[in-house]
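Knowing the structure of chain A, use the given hints to seat chains B and C on it.
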Amino acid sequence: MKQFSLLSRRVAALFLAPGAILVGLFILLPFFWVIFVSFTNRTLLGRTALNPEFVGLQNYVRLFDPATFFTRGQFGSSLIITTEFVLLSALVGQALLGLLLAWLMQAIRPGLKRFVEAMVIGAWILPEVVIGFAWFAFLDYDNGTLNMIMRGLGLPPGDFLLQQPFWVIVIFNTWRGAAFSMMLFNSAFASIPPSYFQAADVAGASSWQKFRDIALPLIRGHVVTDLILITMWTFNVFTPFLLTHGGPAYRTELLSIYNYRVAFRDFEFGKGAAVGVIIMLINLVLALIYLSIGRRKSKAEKEAAT
Amino acid sequence: MSGGAFLSRIGFSVLAALLGVLFALPLIWFIFAPFNARAEMGLALPDPWTLSNFATVFQNSFAVRALFNSLIQSVGGVILIGAAATLAAYALSRSTIPGKSAVTYVLLLFSSVVSGSAAMVPIFLIISAMGLIDTQLAVILVFAGGLLPTAMFILRDFIDGIPKSYEESAMVAGASPLQAFFDVALPVIRPGIVVIVVWAFVNIWGSFLIPFILLRSSEQMPASVAIYSFYSEAGTPIVTLLAAYALIYSLPVVLLYLFVSWRFGFRFFGGIKA
Amino acid sequence: MSNRLRALYLGLATITTLVTPAFAVDLTVSCRCVEGGANSNDAIFIKTKLIPAFTEKMKAEGKEVNVTLNEFGGTDEQYTQQLALDFSTGAGSDVSGFDGFLVPSFVEGGLLKPLEEVAGPEVNSWEGWSHISDGIKALLSYQGKPYGIAKGTDVRMIFTRKDLLEKAGLPADWQPANWAEILDAARKLKASGVEFPLQLNAGVAMGEATTMQGYWMALLGTGEQVTDENGKFIVSSQGILDTLNLYKTIYVDEGLGDQRAQLLADGRNQSFANFRDGKTALLVEGDYFWRSVTRPDAEFGLPNRDEVVGWAKMPAQEPGKGLRGQDFVTISGGTGFVLNPATKNPAEAWALLAYMNSVEMLDEFQKIQPAIRARDDVAIPNSEFLTTTSQTLLPLTTARPNDANYNKVSAEIQRMTESVVSGELSPEDAMAQYKTSVIAIIGEDNTVSKL
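Chains as they are written, first to last, in the numbering used here: chain A, 1 to 306; chain B, 1001 to 1274; chain C, 2001 to 2451.
The hints are simulated quantities; they were obtained by calculation from the structure and are not laboratory data.
No residue lacks a Cβ here, since even glycine has one placed at the ideal position from N, Cα and C.
Do not rely on the hints blindly, as some may be mistaken.
Stated by the list, open to error - Quick partial rundown of chain B residues pointing at chain C, CB under 8 Å, derived from the structure:
1) I1133
2) S1218
3) Y1228
4) S1232
Claimed, not checked - Which residues of chain B face chain C? A partial, calculated answer using Cβ under 8 Å:
5) K1100
6) S1101
7) F1124
8) I1126
9) S1128
10) F1212
11) I1213
12) S1217
13) S1229
14) Y1231
With the rest of the complex left out, here is chain A:
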């Protein structure tokens, strides 16, 4: 049977045209430039700015050079930091906290809900320069709000940016980004027919059982969407730079910051482009994993249902 189409190809093309032009100019063109340049030794300054040479895979090979791979401030160490950062701040932090917040929202009074939502979303929407500065004041060793609280509780003040810089940016990014996951899961829960939960209530199910057995399976699609987006965003997030500049001793130099340093401080575009391409490949692999997990589970369920 021929599928009934709401839009003819011609109208669809018309609808797609403005987006296609913008994407073509500002996504595809730069994208292919980056791919191309990643195979050259092009720089902005110095001799290779005028006469860049085609160097094949040299940029990639150098990034993975075992002699320097694990050295602080090199690609490999940055890759490891970034992976941990994504796992902890996006998957554990933002997604889990977002899920928890969204679930709590279903059960609490509207007044409290508005307050919590406003705070969480506020962390998400305020401009990054403002946020960076607010956290700087928050963590200030001598006078910051956090150490004021620590002292008030009789705890020793912490030199967080120096002693635990990595955990600072993990918590910072969780704080900054949890809102998106919360909102997405909020609407996911809202789309579940209330009758499902009422039936469970009658059966005397606990909140945890309702969450695990009813809500979670139904929002799997949302979880996949959420993971794809926040993983990608967290891989590219640059805001921690405002707090730590990647330091001390490169301990918080995420790939995005490393890439910025290579491309815009050392002006090595070839190498910077190669880093960009690798980040994309990692994102691609992760997206495929999420999708396949989402698919496998729903298939298993369908089989179980029949």
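Structure of chains B and C alone, referenced to chain A:
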């Protein structure tokens, strides 16, 4: 309600309130510092409360104009993204173009490369070739292009979640595809568009790197760049002025949030169809 | 003629009259400066003195010019990015503020052209050249050709807190003869209650300030430079090792300096604050520290600066062991303004640059911001400090290598010092890592090992 459920409800409320307070902590400083003529990094109640910091900030014509520039760039970008993403996402959701489901993913991945700093150079070169360096339009276009894939991704997800039967019945009743889109689909998609609009506005409003790379003259710079004029000669923030300016600079996104949550509520639909 | 046509005609006439000063020339100047912020005095000088005076002067010569200043208060790095992108596409301000050490890499990248090539032979007949020493000319030159004119130069030294020295039983005009005496003084100061007596810059966060104010000042005292006499970068040597060990003594072994100030993103200001608050007594810095940082009305200023702040020459490791056999060492750098090779009005742009560096204008600039100016016929007004230090130290000074790779190697130096100061690596390991990294960046042919 059973006793256990009541207790768990109390527990939920306490936990939620605690999380809300934790989220608020880093921002509390911002409620007081702008109104304190002697504000420092430490948290302190202004004594007395004063608007003098704001008065000084408003004397800086560069910084004031920058707020207006931010508005032009954000609103311009949002209109372009909203329109282009809605049309494209609708077409991808409702047409039978082959490979359409792969397109959004591929674009999303590409955009992750282009949002990195490596792509700033080609973007600069393209804008330069178009003769648009140092224009607000350049910033608007680059943001529209860069944010479009994600906007399409979210919006397509949303539209996929809306039954086709809405438009189908309209078309059975004799509406053209365009009429079906504008009169039937658009009102239903609107909450999704609102999410995109807020997301895009917030992104453009806060962004530093792209306007910084593409703009030159002081008259064109947005607030994210102008905020640097509140750093001292030594490069340290002039805390009082910076706090006041940051508050003014944050106001539009806060108002936008209040407006949207009052008028529409934040809603997402869909989820990946596995 | 219909009304509509008449309206059109009138409209056109209006437009033509608006465009009549068609011969007016628009010039833009940019610098990393903003009134009230970074390099505020530069912005004030350009806006309130230079632009009005230049416009007036050109008018007198029958030329209409409109000069605008693009102010920006962000970081040096951000400003460099803008310049590099602009010059690579033929955009950018006609006259641009520029840090001298970037000249070689910009020239090699084809982004800058010699003044003579941009503005013609009249550049060479400028009256100012005969008043600028070769050393200062070299700050914005590459391979013998000037690309711009330096605003002036600077010198580096140990700044001291006389009050704290006296409290620790040291003379107020303390002058060490070798490194050991610096460390001894620091120990005494520490014993007298000064928390972080000695600060020698290190680390990535401070950028070039680490290399210039810290590493170079120590390294020169071992008789070495970053490059050897053939211009090759030295990647392992006793001098590097001794320098790193000095850092280790100060920050790791004896805690004489504030480690946090070298590691945190805003560390340099932390070190300024320490000096102001009497937590640091000996700080190696450039004269900028006197001119801007400790100026009584500045953020880190000392109200009684002239009484409590002194200075000492930086000694070599041992007397006579410094570069060229010197007992004391220092290094100079400088920023200035270059001409944009793509300027549409080269003659006027050059006129502006030359006028900016005329005696008349530099004297005005001195009133706003006293400094060591490029011209020998511009006096340093009312600043005994700047006069004495420049007379004592300029004969001893050195400049960074005029090499396109310097910028990248400098970044590696910053990293090497950071790994020692943070206690993460031993001096030997840090130097080994430096060697590997520098060779990977600039190739083994451009490097030399001396160990």
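Now for the hints, and whether the structure bears them out:
At about 5 Å, the closest approach between the beta carbon of I1133 of chain B and any beta carbon in chain C falls short of 8 Å, and the interface hint on this residue holds. Look at S1218 of chain B: its Cβ gets to within about 5 Å of chain C, closer than 8 Å, so that hint holds up. Taking 8 Å as the C-beta cut-off, the interface hint given for Y1228 of chain B holds, the closest approach to chain C being about 4 Å. A cut of 8 Å between beta carbons decides the hint on S1232 of chain B: the least distance to chain C is about 5 Å, and the hint holds.
The criterion of a C-beta within 8 Å of any C-beta in chain C is not met by K1100 of chain B, whose closest approach is roughly 37 Å, and the hint is violated. Of the supplied interface hints, the one on S1101 of chain B is violated, with its beta-carbon coming no nearer than about 38 Å to a beta-carbon of chain C, more than 8 Å. Because the smallest distance between the Cβ of F1124 of chain B and any Cβ of chain C comes to about 5 Å, under 8 Å, the interface hint for this residue holds. Interface restraint check: I1126 of chain B against chain C, minimum CB-CB distance 11 Å, threshold 8 Å, status violated.
With a least beta-carbon distance of about 4 Å to chain C, the hint placing S1128 of chain B at the interface is held under the 8 Å criterion. Here the hint on F1212 of chain B is kept, as its CB sits about 7 Å from the closest CB of chain C, short of 8 Å. Because the beta carbon of I1213 of chain B sits about 7 Å from the nearest beta carbon in chain C, less than 8 Å, this interface hint is met. Hint on S1217 of chain B holds. Least Cβ distance to chain C is approximately 6 Å, under the 8 Å limit.
Among the interface hints, the one on S1229 of chain B holds; its C-beta lies about 5 Å from the nearest C-beta in chain C, closer than the 8 Å criterion. The criterion of a C-beta within 8 Å of any C-beta in chain C is met by Y1231 of chain B, whose closest approach is roughly 5 Å, and the hint holds.
In this structure, the earlier hints numbered 5, 6 and 8 are contradicted, and the remaining ones agree with it.
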